[in-house]
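Novice: Sequence:
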Amino acid sequence: MSKKIDAARKRLTKALKNHAAVVGGTAVSLKKAQRAVTEVHQAAIDYSALVEAKTGIESSFPMLWQDGLEPSTVASLVAERDALASKPKGKDKK
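Note that the UniProt record's numbering has the sequence shown beginning at 1, numbered continuously upward.
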């Protein structure tokens, strides 16, 4: 198995386990559930793209390209990602 495909499969499995943990609880937060769905969705897209690039076989998940998140949720996730990416890592050493 290709190392990239294996890594993508592991990421997809981890995302699915996280999703199950989030939505399997007694109190389900809509925002956490949507984040978990986004992680599964992106991991499945990444896995599928790697398989297609290596084998030429079309996506194992044909319905992946439909985005089901609310635009405000997508905007919130993008803003959160950008904020995390712009944070300095570690302490400044002077």
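Keep in mind that a hint or two might mislead.
[Stated by the list, open to error] Dumping the calculated SDA-like pairs for lysine to any residue here, alpha-carbon to alpha-carbon at most 20 Å:
| # | residue 1 | residue 2 |
| --- | --- | --- |
| 1 | K4 | D46 |
| 2 | K4 | A79 |
| 3 | K54 | A8 |
[Stated by the list, open to error] Between beta-carbon pairs, the in silico distance windows are:
| # | residue 1 | residue 2 | range |
| --- | --- | --- | --- |
| 4 | I5 | E70 | 28 to 36 Å |
| 5 | K10 | T55 | 12 to 20 Å |
| 6 | S29 | G56 | 22 to 30 Å |
| 7 | E52 | T13 | 34 to 42 Å |
| 8 | S76 | G56 | 18 to 26 Å |
Quick caveat, the hints were computed from the structure, so don't treat them as lab data. Where is the CB? At the ideal position from N, CA and C, for every residue including glycine.
Novice: Please name the hints from earlier in the document that this structure breaks, with their numbers sorted from lowest to highest.
Specialist: Hints 2, 6, 7 and 8 not satisfied by this model.
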